[in-house]
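*Asks:* Sequence:
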Amino acid sequence: MESFKFKTAELTPFSAEQNGLRIYTQFERADSGFTVRLSVENTREEDVSPGELTLFARVRLHKKYERTYSECRDLLGEVGINDSSRERVSYGVLGYTDPLGTDAVLFGFDDLKDYFYKFVSTPAEDGFDIRISCDFQGAYLAKGEKAALSDLKVYFSQSVAGLLEEHAQNILKKMPLQRQVRNTFGAGWCSWYYYYGTEDKEDIFENMQELQNSEIARDMGFILIDDGWNQRENNVCVWGDWTAGYKFPEGMRAVSDKIHARGFKAGLWLAPFAVSRNSALTSTILIRLI
-18 MESFKFKTAE LTPFSAEQNG LRIYTQFERA DSGFTVRLSV ENTREEDVSP
32 GELTLFARVR LHKKYERTYS ECRDLLGEVG INDSSRERVS YGVLGYTDPL
82 GTDAVLFGFD DLKDYFYKFV STPAEDGFDI RISCDFQGAY LAKGEKAALS
132 DLKVYFSQSV AGLLEEHAQN ILKKMPLQRQ VRNTFGAGWC SWYYYYGTED
182 KEDIFENMQE LQNSEIARDM GFILIDDGWN QRENNVCVWG DWTAGYKFPE
232 GMRAVSDKIH ARGFKAGLWL APFAVSRNSA LTSTILIRLI
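Sequential numbering of the sequence shown, starting at -18, is according to my numbering.
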């Protein structure tokens, strides 16, 4: 099957079935990019779980970019813009940009409710080889069933940030319920998006004071302390031991009382089903975790 080319992107569909699965692709051009309509058909004489299915025979980006934008599948992977000189794995979306933010391209799936979509970007001589796959997460296709997958959108512009905003709006169009209720949620300040787990109590109180003195204070309802509050010495991660770490010696109740005294609601991030190997919880209930 012939390759589809648009600017520096080249996508080659499969010309034959893959283990009894036929992948259908339909390309639609636009001014600043293109959309790929995707579906998969089970041609076997039995039900089948596709597992992780590669969607294209070959995807090549014929240009070298110095930076790659990636998203992780869980809380432990790489997120954001990083050096593109080595292999990068991303979920749902994958972007490339130059250092000055004047040239960018973004690959993204806009309907994420049913399956995981994965990108593996590998540097090549004249650009990047990209493996794009769909993880069916154990779901089955019945004999003869044809299932529609998410559209793959590929955007070209100057700014990867602008492309991410455009892609987010496209995802929002397929989430009407979220659009209806989003204005009912309160607004506030979250420690993660600046400190990424390095914050201590002084950082919390300083930002709370700045927020209280700002013009948007009346619209801010909560102060959320995100991951890192339970870290031990040397910033050791101890998920599972949800008690205050060395950065909050007075305990989290004392911190929340001060937040409440300033008129905010206190929020505390935790992951009740995540347990680190080095946590005290692991050593006490290991048999239950297994």
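Among these hints, one or two may not hold up.
Calculated lysine-lysine pairs in the DSS-like style (CA-CA distance at most 27 Å, straight line) [stated by the list, open to error]:
no.: 1; residue 1: K155; residue 2: K127
no.: 2; residue 1: K99; residue 2: K154
no.: 3; residue 1: K44; residue 2: K99
no.: 4; residue 1: K182; residue 2: K239
no.: 5; residue 1: K99; residue 2: K45
no.: 6; residue 1: K94; residue 2: K127
no.: 7; residue 1: K246; residue 2: K228
no.: 8; residue 1: K155; residue 2: K99
no.: 9; residue 1: K155; residue 2: K182
no.: 10; residue 1: K45; residue 2: K(-14)
no.: 11; residue 1: K44; residue 2: K124
no.: 12; residue 1: K239; residue 2: K228
no.: 13; residue 1: K(-12); residue 2: K99
no.: 14; residue 1: K154; residue 2: K94
no.: 15; residue 1: K99; residue 2: K(-14)
No wet-lab data here; the hints were simulated from the structure. On a predicted model such as this, the values are computed, not experimentally measured, just so you know.
*Asks:* Would the pair K45 and K(-14) pass a check requiring their Cα atoms to be no farther apart than 27 Å?
*Replies:* The hint holds at about 17 Å.
*Asks:* Assess, step by step, whether the Cα of K155 is no farther than 27 Å from the Cα of K127, and give holds or violated.
*Replies:* 21 Å, holds
*Asks:* Taking only the CA atoms, is the gap from K44 to K124 under or equal to 27 Å?
*Replies:* Violated: K44 and K124 sit about 41 Å apart, past 27 Å.
*Asks:* Check whether the Cα positions of K44 and K99 lie no farther apart than 27 Å.
*Replies:* Holds - the C-alpha atoms of K99 and K44 are around 21 Å apart, at most 27 Å.
*Asks:* Between the alpha carbons of K155 and K182, is the straight-line distance 27 Å or under?
*Replies:* 40 Å, violated
*Asks:* Check the hint pairing K99 with K45 against an upper bound of 27 Å on the C-alpha distance.
*Replies:* With Cα atoms ~21 Å apart, K99 and K45 stay inside 27 Å; holds.
*Asks:* If you draw a straight line from the CA of K239 to the CA of K228, is it 27 Å or shorter?
*Replies:* Holds: K239 and K228 sit about 16 Å apart, inside 27 Å.
*Asks:* Mind checking the alpha carbons of K99 and K(-14) for me, to see if they're no more than 27 Å apart?
*Replies:* 21 Å, holds
*Asks:* Just to be careful, I want the Cα atoms of K246 and K228 compared with a cutoff of 27 Å; is the pair within it?
*Replies:* At roughly 21 Å apart (the allowed maximum being 27 Å), K228 and K246 satisfy the hint.
*Asks:* Hint check: K99 vs K154, CA-CA at most 27 Å. Holds or violated?
*Replies:* 22 Å, holds
*Asks:* Between K155 and K99, does the CA-CA distance stay at or below 27 Å?
*Replies:* Status holds; Cα separation ~20 Å.
*Asks:* CA of K(-12) to CA of K99, is that 27 Å or under?
*Replies:* Within the cut-off at roughly 23 Å; holds.
Consistency with the previously given hints fails for numbers 9 and 11, ordered from lowest to highest.
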